[in-house]
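So the protein lines, in turn, are chains A and B.
The first sequence begins at 1 in the working numbering and counts up by one.
The second sequence begins at 1 in the working numbering and counts up by one.
Keep in mind the hints are simulated off the structure, nothing from the lab.
All clues given are correct.
Since the list can't tell identical chains apart, any single copy or any two copies may satisfy a pair.
The calculated DMTMM-like cross-link candidates involving lysine to aspartate or glutamate, where the alpha carbons are at most 25 Å apart (straight line), are:
(1) 83 to 185
(2) 83 to 215
(3) 83 to 52
(4) 34 to 286
(5) 34 to 312
Everything numeric in this text was worked out from a predicted model, so none of it was measured.
Protein chains: 2
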Amino acid sequence: MTGLCTDLYEIRMTASYLRRGMTGPATFSLFARKLPPNRGFLVAAGLADCLDFLAGLRFNSGELDYLGAQLHLPEDDLAALAKLRFTGEVWAVPEGRVVFAGEPLLEVTAPLPEAQLVETALLNFVTFQTAVATKAARCRLAAPHTALVDFAARRTHGLEASRAVARAAAIAGFAGTSYVAAAREFGLPAVGTMAHSYVEAFPDERAAFRAFAEDFPEAVVFLVDTYDTLQGVRTVIEVARDLPDTAAVGIRLDSGDLAELAVRSRRLLDEAGLTGARIVASGGLDEQQLVRLSKAPIDMFGVGTRMGVSADAPYLDTAYKLVEYDGHPVMKMSAGKLSAPGAKQVHRGDPGQPDLLALRTETRRERREPLLQPVMRGGARLGPPEPVSAARRRFERDLAWLPESARRLVDPAPVEVIPTPLLTQLTESLRHSLAARYHHASR
Amino acid sequence: MTGLCTDLYEIRMTASYLRRGMTGPATFSLFARKLPPNRGFLVAAGLADCLDFLAGLRFNSGELDYLGAQLHLPEDDLAALAKLRFTGEVWAVPEGRVVFAGEPLLEVTAPLPEAQLVETALLNFVTFQTAVATKAARCRLAAPHTALVDFAARRTHGLEASRAVARAAAIAGFAGTSYVAAAREFGLPAVGTMAHSYVEAFPDERAAFRAFAEDFPEAVVFLVDTYDTLQGVRTVIEVARDLPDTAAVGIRLDSGDLAELAVRSRRLLDEAGLTGARIVASGGLDEQQLVRLSKAPIDMFGVGTRMGVSADAPYLDTAYKLVEYDGHPVMKMSAGKLSAPGAKQVHRGDPGQPDLLALRTETRRERREPLLQPVMRGGARLGPPEPVSAARRRFERDLAWLPESARRLVDPAPVEVIPTPLLTQLTESLRHSLAARYHHASR
Chain A
1 MTGLCTDLYE IRMTASYLRR GMTGPATFSL FARKLPPNRG FLVAAGLADC
51 LDFLAGLRFN SGELDYLGAQ LHLPEDDLAA LAKLRFTGEV WAVPEGRVVF
101 AGEPLLEVTA PLPEAQLVET ALLNFVTFQT AVATKAARCR LAAPHTALVD
151 FAARRTHGLE ASRAVARAAA IAGFAGTSYV AAAREFGLPA VGTMAHSYVE
201 AFPDERAAFR AFAEDFPEAV VFLVDTYDTL QGVRTVIEVA RDLPDTAAVG
251 IRLDSGDLAE LAVRSRRLLD EAGLTGARIV ASGGLDEQQL VRLSKAPIDM
301 FGVGTRMGVS ADAPYLDTAY KLVEYDGHPV MKMSAGKLSA PGAKQVHRGD
351 PGQPDLLALR TETRRERREP LLQPVMRGGA RLGPPEPVSA ARRRFERDLA
401 WLPESARRLV DPAPVEVIPT PLLTQLTESL RHSLAARYHH ASR
Chain B
1 MTGLCTDLYE IRMTASYLRR GMTGPATFSL FARKLPPNRG FLVAAGLADC
51 LDFLAGLRFN SGELDYLGAQ LHLPEDDLAA LAKLRFTGEV WAVPEGRVVF
101 AGEPLLEVTA PLPEAQLVET ALLNFVTFQT AVATKAARCR LAAPHTALVD
151 FAARRTHGLE ASRAVARAAA IAGFAGTSYV AAAREFGLPA VGTMAHSYVE
201 AFPDERAAFR AFAEDFPEAV VFLVDTYDTL QGVRTVIEVA RDLPDTAAVG
251 IRLDSGDLAE LAVRSRRLLD EAGLTGARIV ASGGLDEQQL VRLSKAPIDM
301 FGVGTRMGVS ADAPYLDTAY KLVEYDGHPV MKMSAGKLSA PGAKQVHRGD
351 PGQPDLLALR TETRRERREP LLQPVMRGGA RLGPPEPVSA ARRRFERDLA
401 WLPESARRLV DPAPVEVIPT PLLTQLTESL RHSLAARYHH ASR
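Next up, chain A with everything else stripped away, as it sits in the complex (with noise of 0.2 Å):
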């Protein structure tokens, strides 16, 4: 990770706020301005990245002749960039948690250049991984009670989104997945059968499968859809027989009718006595297809692209907004993309509780507890990197808490957001005193 992986304007600005000594430290707040259609919740996920690439930041030599020659930039702001270092503070909400619309998911404190040149990594990472932890927790909602293992490596964009959907998925409670480089990683069970052309490249389907059983007796998980699929679970029946131990056999159903091959396939296994073989089913899943799968006798669902790349908002609205600058708050006004002044906290309360959001400044609530939490200082993170689990335990506990109608997968309502009336006083007069300056003029 360096300080080119950034947006040109960043560079700009920060090279501007250098030169002019403009480095108190400012707030900015990372938050979606509104849930994606179809979204009652979202599931925080990206924030182990930012603190990487926070952590990281730097200008190297060559990135620097690369900004002199090509962008002009002289010496001195060469020379000031090459110092740059993240020294700043970061209070996040932990990953797993669940937040709604309005509610910071990262606050950046740190001298003005710092926190603005880290804009595009920190959008970017929150973004995403929330759009596809969110979308994995719907997969959970629409399945509860079937394993959910992510298949997505093959159509995310890119393996570096394999990596991270591999994790978000993890988060919302996901088994396993089968991208190997990111089950090594994260610790995470790496999950796989074979591909139809394993069955191709034998001389008939049995005989790939025989082949499967002998090189993998702890894992016989068959493809039975290649040619035909019940033709492909009587073979299954078959190489059973001979095998020495059937604890491990199933099956795996990807195309066609997969409710009703699931049944069919169910009562040919239970009928030969292979009643502990388990179903796995995979193509083209996402939280729609689960429901409608979710009375079919199958023990385990491969879900892939849609959920990999969150195929119906495959992004969210988030912006990283400037709230306070050297002691001052401030907002902008753009149409509809109206920012409150600030840093903030989150204070949640019991189930059916709105949620409060309030400046920082503010003392505690009783019977509420403050989401965002200080996770780096002075450029430092405030703890070592956590396991997944630790957020998969966050993301299980905010799933319990979350009411109903917010849980629901079709035109949920999400959990209000109340601006306390100090936030709601501060916003209003600063709105007034620009409007006077900005508005008046104009019209």
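Chain A is fixed; fit chain B onto it per the hints.
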């Protein structure tokens, strides 16, 4: 890039093939089964990353330890994987070319274990980058006479995705990118102005504009919508009066009714004698918005999120299918997913002619150009990596070739792809022999 950047089942199958000496040549064909809604064509992209991946493929010792410990692969498997490199041949449609459903974007011929192992990564790169290049091409069609630049970095799916998006957009004719790391790597113009936070960090808008003009006289595009857009334009006019040279002056509109604001801003600028001042527009743009804005006096569009995630079609229904193994054509018959056997070639004719989908062994047709080219042999590239400009030239040429009916943004009619008699005959005869073997038994 490493051997673990793949799905677990690829590693299982690879290990199984190696154990069994199933190392005969296999050909896999990568293609889109169908086009997403409202797509009349695809723009091929992702090949450069595929070749890098193939050239770098290997398992390091830490990865082999992981596979041994976690997946219980025995020593012999690990030794075989340690030696594995990609030694095969790749034919591909060069980046920037226009393709249609069913046409191979890429074909790999290699010993079966190698060709299998790389499936996940090749599908990922080609699917994602082709989807985004196609989306960017649609933006070009929507605004053929206005410069477009990529502003997507903050909301793509990771920073690696930001890099790939900048490149894919450039292939489709975007004039620059805000993402500096990609601008540097690919030699693209880096573009960018100022953010709202810059304006807010100064005592007032006028002070911010003056400071910016002083610091970047060569590129003074002022963001005018922080408080009140037209008031912002008037402030630009005032500030510009004091500039020694107004040739580089411009404004950026980022919210509100962009068409109306552009008209009113243009009038104000012209009245003030700033007839050369450029108007840049950004904020939630995609091809539909660009069509709506096509009559507005806007000189450049910053196109961000919706292009960078290909918002209405964030993935393609791609497949990487075994079509030949050890000299024998193969195919699968899964419901709705029939794949045609054999290594292929696409023969393209004059405008208005359908494409011919042929076996690669068929002879070249008169007045037709073969789309797939050999790009790697014996695991080595057949040429140096090419500049983005080469792909962009191909795109411009193919765009001129593409019939109006396929260019339409809504309900387009893709160019027809007709299989040759030889391909049809091979497909039918294989289908019959497989059906005889598998379907009869199950009915």
